[in-house]
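J.: Sequence:
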Amino acid sequence: MRLSRSFFVLSVLMGASLIFSAHEIYAKTLDTKQRQNVYSKLEQELRSKIAGEWNCCSRGEVDIQVLFEITKDGHFYHLRLIKGFENPYAIQAALHALVFSMPLTHSTVQAENLMVTCNIFGDTSRPEINLTLSQSDPLFPGDKLNKAQAVEQYFESTFITSAMMIRLRSLCDSLFEYPDSVEIRKAIQKLCSYVGLDTREAEVWTAIGRAEDVSIIGLDPPSKKVEAAVKRALAANLEALRIERKSSTLYELEDKWLKSVGIDLLSQSKADPLLLGSAALLTNQIKPAKCQFTLAAKNGRRKALDILKQLKNETVSNSLKELKLKDEYIPDRTSASWKSLLNWLPTDTEVVLFETKSPKSKDTSFSFFGDMVLPDQPRDWKVSLKLDEEAIQNNNLFRNLSVAYCLHAARTFRAPTKPYNKFEPSDGVDVMVFSEQHKQVASNTIGALRQDCISRESLEGFEVLRFDKTPWSFGICFGSKQFICSPYEGVLVASSNRGYLREILSRLRLQPNDRALADGIPEWNFVNTSAKAWSIRHFDKHYVPFDFAGMYDIARLVHEEDENSPLRYGATSSTTKHFRFEEIGFTYDLIGSKLTIHHLSKNPETLAGMAELYKQAWRYDRLSRHGKQLIPSQNLQISVNEGVLAVEGQFAQQEMIMLRLSQALGYFISI
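Last residue of the sequence shown: 674 (our numbering), numbering continuous.
What the hints contain is simulated information worked out from the structure, not anything from laboratory work. Small disclaimer: the values here were computed from a predicted structure and weren't measured. Any given hint could turn out to be false.
Calculated lysine-lysine pairs in the DSS-like style (CA-CA distance at most 27 Å, straight line) [said to hold, decoys possible]:
#1 K472 with K315
#2 K312 with K273
#3 K86 with K52
#4 K290 with K301
#5 K342 with K249
#6 K150 with K86
#7 K327 with K249
#8 K150 with K193
Simulated restraints, written as ranges between beta carbons of each label pair [said to hold, decoys possible]:
#9 L298 with S533: 53 to 61 Å
#10 A558 with R62: 49 to 57 Å
#11 L70 with L328: 36 to 44 Å
#12 T532 with S43: 58 to 66 Å
#13 A153 with D76: 41 to 49 Å
#14 A558 with K618: 14 to 22 Å
Just so you know, even glycine gets a beta-carbon here, dropped at the ideal spot from N, CA and C.
Work the whole structure out from these sequences, hints included.
T.: Following this line, the structure appears as C-alpha cells:
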C-alpha cells in the first residue's frame with residue numbers, strides 16, 4: 004500500500020499505531036550508537052571532499068549556508084541556498100565543491116532521507132566547514148506518479164512530441180521530487196523505449212537534460228515553465244551521473260544548480276542591485292550583472308566594487324596552467340589540421356565543417372564562414388545586415404594572413420524562436436588554426452581584445468575572454484560566439500556555449516583516447532576531406548528523439564495514412580503516419596563550384612523525399628515570383644542506392660542550396 008505525504012501526516016496526528024514518523028522508522032532500523040556512527044562517517048567524508056574541491060577565485064570572507072538532501076546511493080538533490088546571496092563567486096565555489104564531492108561512499112539504504120545543512124565560513128582561501136545531518140520527511144512517490152500526465156497510446160516514432168513529451172516532462176517533474184523512486188524510472192523507461200532509447204544509458208538522461216535546457220534572460224523572476232524546465236534538467240543530469248560519473252555530466256549538473264540558485268535569487272532580490280547582480284552572474288548574464296554591480300557600487304556597496312574588479316580579474320594570469328599536448332592532439336598547420344582537432348571535441352559532437360580560408364582572396368563559391376576581411380559594411384545574408392563597425396574593424400586582425408584552417412563543430416540544436424529570420428543557435432565552436440609563419444596572430448588577437456571583453460576568467464587553467472557578441476564578423480553565420488580563447492599557440496577558439504568550451508578545454512588537459520566522429524562511422528566513406536570545404540553530420544541515436552528542430556527537413560517528410568500515397572513535404576500532424584526514420588548521417592564537399600552531397604538513411608522513402616528537395620533547391624530561380632519558376636539543372640546528378648542518396652553538380656545560384664545545406668547540418672532557418 005502506497006501512502007501520500009498528506010495521509011501520512013494525518014495518520015500520525017490521529018495517533019495511528021501502525022504509522023511512524025521518519026525519526027521513529029529510522030530509530031527502528033538503527034540504534035543510537037549505529038546512527039551516530041553512520042552520521043559521523045558521512046560528515047567526515049563530506050567535509051573532506053568539500054575541502055578538497057573548494058576553489059574560490061575571489062579573496063576575502065565567505066559565509067554561506069546550503070541545504071540539500073542525499074539519495075540512497077550518496078548523491079545530492081533539492082539543493083537550496085539559505086545564506087550568502089551577495090557573493091556569487093563564493094556561491095559558484097560552494098556549488099562546484101558539492102557537485103564534485105558526489106557520490107558519498109558511506110551513504111547506505113539505512114541512512115536514507117537524510118538532509119544536510121552545510122555552513123562554509125571564514126577566509127575564502129581555506130574556509131571552515133560545519134555540517135549538520137538530520138532526518139527529512141519520508142517519501143511516498145506513488146501519489147505523484149499517479150497524477151503524472153497520462154497518454155492514451157504510446158507509439159513508435161522518431162521524435163518525442165505532443166502527448167508523449169508532455170508525459171515525459173510530467174514524469175521528470177516527479178523524478179525531481181523523488182529521485183530514488185523505482186516506479187518513476189520504470190515509467191520513463193517505458194515511454195523512452197518507444198523512440199528506441201534505453202534509460203540504463205547515461206547518454207539518454209543527458210539528452211533529456213539538454214532538451215530541457217533553457218536560458219535565463221532578463222532580471223525579472225522567470226516563469227513557472229522556466230523553473231520547471233530547470234528542475235527537470237536537474238533530475239535528468241542527476242540520473243546520468245548516477246549511471247556514469249563523467250566530468251562533462253558534473254559540469255552540466257553544476258550549471259543547472261547555478262541556474263536554480265540564480266532563479267531563487269531573482270525571486271528574493273526585491274530590486275536590490277547587489278542581489279540582482281549576483282543572480283545575473285549565476286545565470287550567465289554578464290552584461291546585466293555589470294550594470295547592477297555598478298549601480299550597487301554607486302550606492303556604497305563595497306562588495307559590488309570587489310565583484311566588478313573580479314569580472315576583469317587581473318589575477319587570471321596567476322591561475323593559468325601550462326599545456327603540453329600529446330602528438331595526436333597537436334594540430335599540424337595544414338589542411339589536415341582537422342584530424343587532431345577531432346580529439347579536442349566532445350565525443351557527442353554531431354557536426355563538423357572544415358574550410359581552408361585565404362583572407363587575401365575572395366571566395367568564388369559559397370562559404371559558411373564568410374570572408375575573413377570585410378572592407379565595407381557587408382550585405383551578404385551569411386554575415387548579417389546588422390554588424391557594427393567595431394566587428395568589421397576587428398576582422399583586420401586577420402588581414403595579413405596567407406591562409407587559415409577553420410573548423411566549425413556543433414551539437415544540441417535549439418528549437419526555433421521568433422523572429423524566424425536567423426540561424427537558430429546550438430552548442431557550437433569555431434576553431435582557427437594559423438600557419439607556422441603567422442601563428443602569433445592568435446596571441447596578438449587575444450591581446451588586442453583583452454581590454455574590450457566584458458569579463459575575463461580562468462577556465463580549466465586557460466584564459467577565456469567573454470563578449471556580449473562575437474567580436475568579429477567572420478564565422479557568425481552559425482550564431483554568435485561570446486567566449487574567446489587561445490588554448491594552444493597559433494590556435495583561436497570561439498564558442499557560443501561556456502559548457503561546451505569547458506568540455507573542450509578539459510579534454511585538452513586530460514587528453515583521453517576517444518574523439519568526436521570516430522573512424523568507424525560510415526560518413527567518412529563518402530566525404531572528400533581533401534576538398535577546400537567539407538562537412539560531416541552523424542546522428543546520435545540518444546539525441547535524435549529530442550532534435551525535431553535540428554532535423555526539421557527530415558521531420559517534415561511524412562507519410563499519408565494511405566500507404567499507397569507518395570511521400571510528401573509539409574503534411575499536418577493529423578495526416579502523419581508515425582514511423583522511424585532511422586537516419587545515419589550527411590556529408591558534403593565542395594571543389595570549385597562542384598558540390599557533392601550524401602545522405603545516409605535506413606528509410607528509402609526519406610531518401611526519395613530528400614532527392615526532390617535538392618532538385619527544387621538546385622533549380623530555384625530567385626528572380627521569378629516566389630521562386631516558383633525553375634531554371635534548368637546545372638549538370639545535376641541524383642541517385643539513391645543501398646541507403647545512400649548521392650547528389651552532385653555545379654550550380655549558378657547558391658542561396659537556396661546554402662539554405663538547404665544549413666538545414667541538413669542541423670540549423671533551423673527561414674527567411
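J.: Let me make sure I understand: some of the numbered hints might not hold for this structure. Which ones are they, in numerical order?
T.: 6, 13
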